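Protein chains: 2
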Amino acid sequence: MQESCVVVFSGGQDSTTCLYWAKRHFKKILAVTFDYGQRHRIELDCAAKICADFDIPQTVLPLNSFTALGGNSLTDPNQAVEGLGRGHLPDSFVPGRNLVFLTLAAAFAWQRNISDLVTGVCQTDYSGYPDCRLNTMRSLESSISLGMDSLFHIHTPLMHLSKKQSVELAQEVGAFDALAFSHTCYNGVFPPCGKCPACELRAKGFAEAGVADPLMTRAKA
Amino acid sequence: MQESCVVVFSGGQDSTTCLYWAKRHFKKILAVTFDYGQRHRIELDCAAKICADFDIPQTVLPLNSFTALGGNSLTDPNQAVEGLGRGHLPDSFVPGRNLVFLTLAAAFAWQRNISDLVTGVCQTDYSGYPDCRLNTMRSLESSISLGMDSLFHIHTPLMHLSKKQSVELAQEVGAFDALAFSHTCYNGVFPPCGKCPACELRAKGFAEAGVADPLMTRAKA
Numbered sequence: 018m019q020e021s022c023v024v025v026f027s028g029g030q031d032s033t034t035c036l037y038w039a040k041r042h043f044k045k046i047l048a049v050t051f052d053y054g055q056r057h058r059i060e061l062d063c064a065a066k067i068c069a070d071f072d073i074p075q076t077v078l079p080l081n082s083f084t085a086l087g088g089n090s091l092t093d094p095n096q097a098v099e100g101l102g103r104g105h106l107p108d109s110f111v112p113g114r115n116l117v118f119l120t121l122a123a124a125f126a127w128q129r130n131i132s133d134l135v136t137g138v139c140q141t142d143y144s145g146y147p148d149c150r151l152n153t154m155r156s157l158e159s160s161i162s163l164g165m166d167s168l169f170h171i172h173t174p175l176m177h178l179s180k181k182q183s184v185e186l187a188q189e190v191g192a193f194d195a196l197a198f199s200h201t202c203y204n205g206v207f208p209p210c211g212k213c214p215a216c217e218l219r220a221k222g223f224a225e226a227g228v229a230d231p232l233m234t235r236a237k238a
Numbered sequence: 018m019q020e021s022c023v024v025v026f027s028g029g030q031d032s033t034t035c036l037y038w039a040k041r042h043f044k045k046i047l048a049v050t051f052d053y054g055q056r057h058r059i060e061l062d063c064a065a066k067i068c069a070d071f072d073i074p075q076t077v078l079p080l081n082s083f084t085a086l087g088g089n090s091l092t093d094p095n096q097a098v099e100g101l102g103r104g105h106l107p108d109s110f111v112p113g114r115n116l117v118f119l120t121l122a123a124a125f126a127w128q129r130n131i132s133d134l135v136t137g138v139c140q141t142d143y144s145g146y147p148d149c150r151l152n153t154m155r156s157l158e159s160s161i162s163l164g165m166d167s168l169f170h171i172h173t174p175l176m177h178l179s180k181k182q183s184v185e186l187a188q189e190v191g192a193f194d195a196l197a198f199s200h201t202c203y204n205g206v207f208p209p210c211g212k213c214p215a216c217e218l219r220a221k222g223f224a225e226a227g228v229a230d231p232l233m234t235r236a237k238a
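Sequence order for the protein chains is A and B. In terms of our numbering, the first sequence has 98 at position 81, counting the first letter as 1, and numbering is strictly consecutive. In terms of our numbering, the second sequence has 107 at position 90, counting the first letter as 1, and numbering is strictly consecutive.
Among the hints, erroneous ones may be present.
Residues on chain A that point at chain B, a partial pick, calculated with CB under 10 Å [claimed, not checked]:
1) 51
2) 86
3) 87
4) 117
5) 128
6) 154
7) 167
8) 225
9) 227
Label-pair ranges, simulated between beta-carbon atoms [to be verified]:
10) B:62 - A:170: 37 to 45 Å
11) B:62 - A:62: 18 to 26 Å
12) A:70 - B:62: 42 to 50 Å
13) B:152 - A:74: 52 to 60 Å
14) B:238 - A:58: 48 to 56 Å
15) B:207 - A:177: 30 to 38 Å
16) B:207 - A:62: 39 to 47 Å
17) A:66 - B:45: 45 to 53 Å
By construction, these hints were calculated from the structure, which means they are not laboratory data. Because the structure is a prediction, the values reported are computed rather than measured. Glycine included, C-beta positions come from ideal geometry on N, C-alpha and C.
This is chain A alone, in the form it adopts within the complex (with noise of 0.2 Å):
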């Protein structure tokens, strides 16, 4: 077992699966939750509950340039989240923004002496967003160890798996209870809308693993 880690961790499904891996694989663990100005703000409590419940100390960075650049549904208030933006990559992408979030993951870590990273991007079904891939990961690690002169690895334990195989992976690790108080909807509202293209990503895996969505399940009662 490793030292230790920082998560990125959004209060999503992909990160809290994640956070429980690390669980496995790390002693320590430190999760780093942005607050970008994310229309979803709902994460943000979901993130701070699944990390107090799991007993593992959360940070809470803030991050104001995505709002100020604008230009997306996920952080502009007046633009839905349907359509696709420039290109074929969909409305709802923040140019940059794991990018950017690893890289402050990283000085966080690099202040603390901690070289790993570990972090809830997949490129099995990456919904459009280009920095979710593996060779952005690589070449990011790259960056990231020359530019702050400190090795790093970028750890991606869903990297590959569908969302299927996420959920599958969720159960082994024991992150599956947790999942009823992770927040997925670009919409931001619980009971989630169920519509938006996370939604629809989140309820395809639960459908193909063959079980109940706890947050569903929550939901309903």
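Since chain A is already given, all that's left is putting chain B on it; use the hints.
Frame of chain A; chain B shown alone:
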């Protein structure tokens, strides 16, 4: 002459030189300045004045994450600018600063279909900041190109120049008069403190080039 570029513009000596360099190579220039909680706030006023005088559209992007991270003398008012921080790095090292600046500048450029970025980083007199080096910039160029699925080029006209050569380049591209309004001092004062590492490095360059620093001429006027 190329079409458009985004210059990461701090209002300092190096980025002012780059702004004028860019004007010689690109038809249209957009300047992006980061308000990242730098204690030398005067830099922001200098940046605005230089852009206004040169008729360059400037966007100031807020970035509150580094202040929240703390632990460096550039954004932490309780830490003096003088000694060494972790390892052999100066205490003014903000881990990830240039990586995040360029990634956000790339996001800004991406939104405008611009693929050329210009930054004043320099590895010759790099002040011990690893994120000013060519290998970091080349790697970052790949990371942002992959992460935004769009080919970027990071131009670094000062990369291999000594501070003396930077002064000569400023003369060559017509930036010399503007340097009277550029800001360098890490202690954020005018006239410059003359004692911080940034002031010392600037003075060295002008001394070696054998010309008076227009900023110092203005300070004495």
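Verify the interface restraint on residue 167 of chain A: the C-beta must sit less than 10 Å from at least one C-beta of chain B. 8 Å, holds
Distance restraint evaluation - residue 70 of chain A, residue 62 of chain B, Cβ atoms, bounds 42 to 50 Å: Cβ of residue 70 of chain A to Cβ of residue 62 of chain B: about 47 Å, so the range 42 to 50 Å holds.
The hint says 45 to 53 Å between residue 66 of chain A and residue 45 of chain B; measuring C-beta to C-beta, is that right? 48 Å, holds
Interface hint for residue 225 of chain A, Cβ within 10 Å of any Cβ on chain B: 27 Å, violated
Does the interface hint hold: is residue 86 of chain A within less than 10 Å of chain B, judged Cβ to Cβ? 6 Å, holds
Can you verify the interface hint for residue 154 of chain A: is its Cβ closer than 10 Å to any Cβ in chain B? 9 Å, holds
Quick check: does the Cβ-Cβ distance between residue 207 of chain B and residue 177 of chain A fall within 30 to 38 Å? 55 Å, violated
Is it true that the C-beta distance of residue 62 of chain B to residue 62 of chain A lies inside 18 to 26 Å, as the hint says? 39 Å, violated
Classify the hint on residue 227 of chain A as holds or violated, based on whether any CB of chain B lies nearer than 10 Å to its CB. The hint is violated - residue 227 of chain A has no Cβ within 10 Å of chain B, the shortest such distance being about 34 Å.
C-beta pair residue 238 of chain B, residue 58 of chain A: status relative to the range 48 to 56 Å that was hinted: 52 Å, holds
Just tell me: holds or violated, for the beta carbon distance of residue 62 of chain B and residue 170 of chain A against 37 to 45 Å? 41 Å, holds
With a cut-off of 10 Å, does the beta carbon of residue 128 of chain A approach a beta carbon of chain B closely enough for the hint to hold? Holds - the Cβ of residue 128 of chain A comes within 10 Å of chain B, reaching about 5 Å at its closest.
In summary, the structure is inconsistent with hints 8, 9, 11, 13 and 15 from the numbered list given earlier, while agreeing with the others.
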